[in-house]
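So the sequence lines, in the order shown, correspond to chains A and B.
Its first residue numbered 1, the first sequence is counted upward by one per residue in this note's numbering.
Its first residue numbered 1001, the second sequence is counted upward by one per residue in this note's numbering.
Check each hint, because a few of them may be wrong.
[As the list claims (entries may be wrong)] Example chain A residues on the side facing chain B (calculated, C-beta under 7 Å, incomplete):
| hint | residue |
| --- | --- |
| 1 | 80 |
| 2 | 89 |
| 3 | 94 |
| 4 | 97 |
| 5 | 98 |
| 6 | 103 |
| 7 | 110 |
| 8 | 113 |
Treat the hints as calculated values from the structure; they're not laboratory data.
Even for Gly, the Cβ is constructed at its ideal location relative to N, Cα and C.
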Amino acid sequence: MTAGGGAMERIPILQMGEFLLVTIQVDLNDTLAQTLMDDLTAKVAATGARGVLIDISSVTVVDSFIGRMLNDIAATSRVLDATTVVVGMQPAVAITLVELGLSLGGVRTALNVDRGIALLRAALAAPADATHPE
Amino acid sequence: MARTPERRAQRPVRDARADARHARDAQHPIATVLAEHEAELLTEWLAGQRSTVRRPDLIRDSELNAQAAEFLATLRQAVMTGNVRDVQAPAYDGVRSVLGTLSRARSLQGFTPSETAMFVFSLKGPLYARLRRAVPGGPDQVIDTMAAAGHLLDQLGLYTVEVYQRSREEVIARQQEDMMELSTPVVKLWDGIVALPMIGTLDSARTQVVMETLLQRIVETGAEVAIIDITGVPTVDTLTAQHLLKTVTAARLMGADCIISGIRPQIAQTIVHLGVDLTDVTTKATLADALRLAFTRVGAANGVPLRQTPARA
Chain A
1 MTAGGGAMER IPILQMGEFL LVTIQVDLND TLAQTLMDDL TAKVAATGAR GVLIDISSVT
61 VVDSFIGRML NDIAATSRVL DATTVVVGMQ PAVAITLVEL GLSLGGVRTA LNVDRGIALL
121 RAALAAPADA THPE
Chain B
1001 MARTPERRAQ RPVRDARADA RHARDAQHPI ATVLAEHEAE LLTEWLAGQR STVRRPDLIR
1061 DSELNAQAAE FLATLRQAVM TGNVRDVQAP AYDGVRSVLG TLSRARSLQG FTPSETAMFV
1121 FSLKGPLYAR LRRAVPGGPD QVIDTMAAAG HLLDQLGLYT VEVYQRSREE VIARQQEDMM
1181 ELSTPVVKLW DGIVALPMIG TLDSARTQVV METLLQRIVE TGAEVAIIDI TGVPTVDTLT
1241 AQHLLKTVTA ARLMGADCII SGIRPQIAQT IVHLGVDLTD VTTKATLADA LRLAFTRVGA
1301 ANGVPLRQTP ARA
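Construct the complete structure from the given sequences, taking the supplied hints into account.
Put into structure tokens, the structure is as follows:
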């Protein structure tokens, strides 16, 4: 991270076991979002992570581009065999995304990081759950 | 009542008789009569009100007397200016203020609009009688004066109705606001389960409030399951369904599951006829069914196997 650069240039990606943890603490602009997506894809491929957890509880402003980016990250990660969970979305953000017509169908969601991790563990423990219910 | 001494203080030398002399100079008969016979007019007017519109159950005699006296005093001062046509003029500020206070009070006390307006209209009888005796000249002049007095009192009467109606509308607007707040309670049913029993027709404004309240409560309580119960919603059209779907999607984005319950048979048929797609939404017939499902989900999420109820075993 640059010390005197002012604006954050990239968002840190932390590795926790077989999960990757991304905490977005600034309002995303398009460049930052694109960089994050590139970094995340590279990191998933490099570490062979099975789950990606994106915490957006500090994000208060979204637009259609950010919404699509979340969707794309989830889709890309799935191709690389990792489940994506978005956690901590603010009510206003949720309403905005819905009004924009972005329901993020391919993204799993949880209320907070704790629940997100639980969800990822459950998904890893029962990978056949979605396709074979019984 | 605090108004009269204040006005006296501004014009200390002018009493009713002085006003009368002034009015004779100005030569308007209404002003003359009001100034010279204010006390008699008041007595006759009150007697008239007592026999026709008085509501002893709603207002006390003393209060009515005070209101009538204050109105006559301010009306006399307004008419003294020579203006007997335009009640919106600054000269009538005092009169309008007295009538405004009176109408608002009466709308709250439970008077009907006609009873409120009759307060002013009932002055016509005594005033006309006095005018007939006081106006000099022939019938033409009497008729002119009567017409002017009638016009003046009509306008003032209508003004009371206007204020009355406005204060009623304020009450309605406030009640609507209250209803909006009251009708969207989000209740916590269990750890991790909140329910929103919706009552009444869903329009865009209400749905917005409902959506925001629900999402906010989900954040506050950390609920995993939100049950929207629409038992109290009389009709569901495409717009309402659209709003419901949006709420469900928004809740899902935040990481909470939504269950819609309380869909009555007719509404289920309507939804199908309208072609609304609810396949992505979990729906249950009753709140009890929804709650049972919610228990299963919360239990499963916490890794706690739920004890099966006899009904399901």
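Per-residue hint verdict: residue 110/A, partner chain B, C-beta under 7 Å: This interface hint holds because 4 Å falls under the 7 Å limit.
Interface hint status, residue 113/A versus chain B (Cβ within 7 Å): Violated, because the Cβ-Cβ distance from residue 113/A to chain B comes to roughly 11 Å (cut-off 7 Å).
So, as I understand it, the hint says residue 103/A touches chain B; can you test that by seeing if any CB pair is closer than 7 Å? 5 Å, holds
Taking the least C-beta to C-beta distance, is residue 80/A closer than 7 Å to chain B? With a closest approach of 23 Å, the residue 80/A hint is violated.
Can you verify the interface hint for residue 94/A: is its Cβ closer than 7 Å to any Cβ in chain B? Because about 4 Å separates residue 94/A from the closest Cβ in chain B, which is inside the 7 Å limit, the hint holds.
Taking the least C-beta to C-beta distance, is residue 89/A closer than 7 Å to chain B? 5 Å, holds
Hinted contact residue 97/A with chain B - closest CB pair below 7 Å: Status holds, d = 6 Å.
Hinted contact residue 98/A with chain B - closest CB pair below 7 Å: Holds, because the Cβ-Cβ distance from residue 98/A to chain B comes to roughly 5 Å (cut-off 7 Å).
Checked against the numbered hints given earlier, the structure breaks hints 1, 8 and satisfies all the rest.
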